[in-house]
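If you read the protein sequences in the order shown, they are chains A and B.
To convert, note that position 109 of the first sequence is 109 in the working numbering; the numbers rise steadily by one, no gaps.
To convert, note that position 220 of the second sequence is 220 in the working numbering; the numbers rise steadily by one, no gaps.
What you were told as hints is all true, and nothing was included just to trick you.
Quick list of the computed label-pair ranges, beta carbon to beta carbon:
(1) Thr293(A) x Glu268(B): 17 to 23 Å
(2) Asp58(A) x Arg146(B): 42 to 48 Å
(3) Ala180(B) x Glu326(A): 55 to 61 Å
It is worth saying that the hints were derived from the structure and are not from the lab.
These figures come from a predicted structure and were not determined experimentally.
Think of the CB as a built atom: it goes at the ideal place given N, C-alpha and C, for glycine as much as any other residue.
2 protein chains.
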Amino acid sequence: MRPHSIRRLVILTEGQFGVHHAKTAIGVIRYGRDDVVALLDSTIAGRNVSEWLGDRYDVPVVATLDEAIALGADALLIGIAPTGGKLPEEWRAVIVHALEARLDVLSGLHTFLGDDPEFASAAALSGAEIVDYRRVPDRHQTAVGRPHRPGAKVILTVGSDCAIGKMTVALELERAAREAGLSGVFVPTGQTGMMIAGWGISVDREISDFLAGTCEWLVEQAEEMGDWIFVEGQGSIDHPAYSPVTFGLIHGTTPHAMVLVHKVGLEEHDWDHLPGITHPIKPLPELVALHETIAGMVAPSRVIAVALNTSDVTDDDARRVIRETEAETGLPTDDPVRFGPARLFGAIRAAFESEGTA
Amino acid sequence: MRPHSIRRLVILTEGQFGVHHAKTAIGVIRYGRDDVVALLDSTIAGRNVSEWLGDRYDVPVVATLDEAIALGADALLIGIAPTGGKLPEEWRAVIVHALEARLDVLSGLHTFLGDDPEFASAAALSGAEIVDYRRVPDRHQTAVGRPHRPGAKVILTVGSDCAIGKMTVALELERAAREAGLSGVFVPTGQTGMMIAGWGISVDREISDFLAGTCEWLVEQAEEMGDWIFVEGQGSIDHPAYSPVTFGLIHGTTPHAMVLVHKVGLEEHDWDHLPGITHPIKPLPELVALHETIAGMVAPSRVIAVALNTSDVTDDDARRVIRETEAETGLPTDDPVRFGPARLFGAIRAAFESEGTA
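Given only the sequences and the hints, what does the whole structure look like? Please build it.
Right, dumping it as structure tokens:
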């Protein structure tokens, strides 16, 4: 990635915003440092992101790229992440049009846009940049067992499933640390986190042999940036497709502590699997124990808090489930998006102070 | 890989045969379907492989490639696997010389020889082939939760550490199955296994997001080849650098059963780590329980036997440790290399028959 000032983004979400798998768009709108001037989605054109995300997010939805350019867009961000990461063929025209109009194109797909001859030549002609966030550094290093810097507190978000808010919880907790006057660092481990924070590595793209080494290296970099380090988790330990990435993060970052993220109401793993197959979400106390067992196989770690995503229930139900989860797990529990991250971060800080974990 | 008849190999092991990390050379000599006409290793030139591996392996060691060519070599196999997989610079000349002499060059390194301009042009000029075994198919599929074919019995070798014999145990057990008149399949998951069996995928090279999907696909292919399927394991669940690959194999192959491999006398993980760091090998009963816990997070599985590598102890000590391990774990235990695989395979077969596991 070239260094760049604040971009003015149009986010392509064609047909997917407000439904499944628009988490990249929502993450960038909510937490990104770039301005979002429009959503490009002909199926909901004329509406506004505030209808879904609330009044703080006044982003118009447009039907064509030219409307977004008229609004000042200087970069097109591919805002969805289909399973497998491939580029739907129907988006090709809009990407070429963006590059010809000298908009940078930002993508987190597994299929690298910069390797596509049509896109590469359009970019070369106009001077636009193609950023493939999933392209990992050609580093090829295995983990070396690096100890953490004294004073650093490394906290990994883990979860009962994919796409339930592990990145969001890490971002909220880092914000709470900064608001408490501490040096907080968010460690992006996926393409959306990178789009938001402007650094990091999409570790699910790393060669398996170097996954733990790359996770270790991300933490090494973060320890130069601050003391309270919140690593974005990926997948879940019992997800039949994505668990190796989760294990690599746990064994590679050797976190002092973990925060377990769960979405209230979720019963099954999110997965494009064969029909008739079910993989129920495990009870939270079992997940706490399993995470501590797995981490402890390389370096001891504890789950010190539960972060609930209560977006599908009412305020009253959210408060009730939080109380019930605290009782069930014996751990401080909250929804840091709905009720703010200060209380949960306070509990995490207290746990570190009382135990001298780091 | 092009289809090919039996090759006549010279194996480059310069300075490493008989010491650490020559496991590729030894595996190919012991189990490969190709002929090995010479070892290329100037530090032990004039000696014979039989001095290390016994009289069955009459392979001369030569100091120069030309001597190997005089012995009829038609392919140069890179016979060691340095950590990180990079090509030592001093081997460049011998590889170019081999390609110019129209020897195929076979490599399991992470650094692809075929991508090197000097090697590629030498190969193109002479018509020699460069085979990079670690180059994975451009498939990019996540796991779909495919059920096993009825009648298939999928058995994964797992281990207390890297480089202790998981591939060898799988090869020996597959041989025992065939010798018992059953249809046995060895599933290669690493470059040496591929060199031996002529198919497979080096899963540690796979993109992390597709690791479980690739392991699932390997088993799907194996289930078309036979009933008794022995999957070569990689790494270990508590190895600080390689555990993600091990987890991907467990969750991706969803084995009916696992065979735990351990090297007698081993106390520490094999690892190029920072000085002062130690990672002791866990007790076998704990490893049995951990493997069953981890597998059970996606699909239930049991460790049904222990395979000991007793190569560092006497016959008497080997027999004693096997008895002690059976008592300690309650599992059938043997060294299938030292004492033959028939007894251990018999115990595995009995376990399947008594339980109706598959």
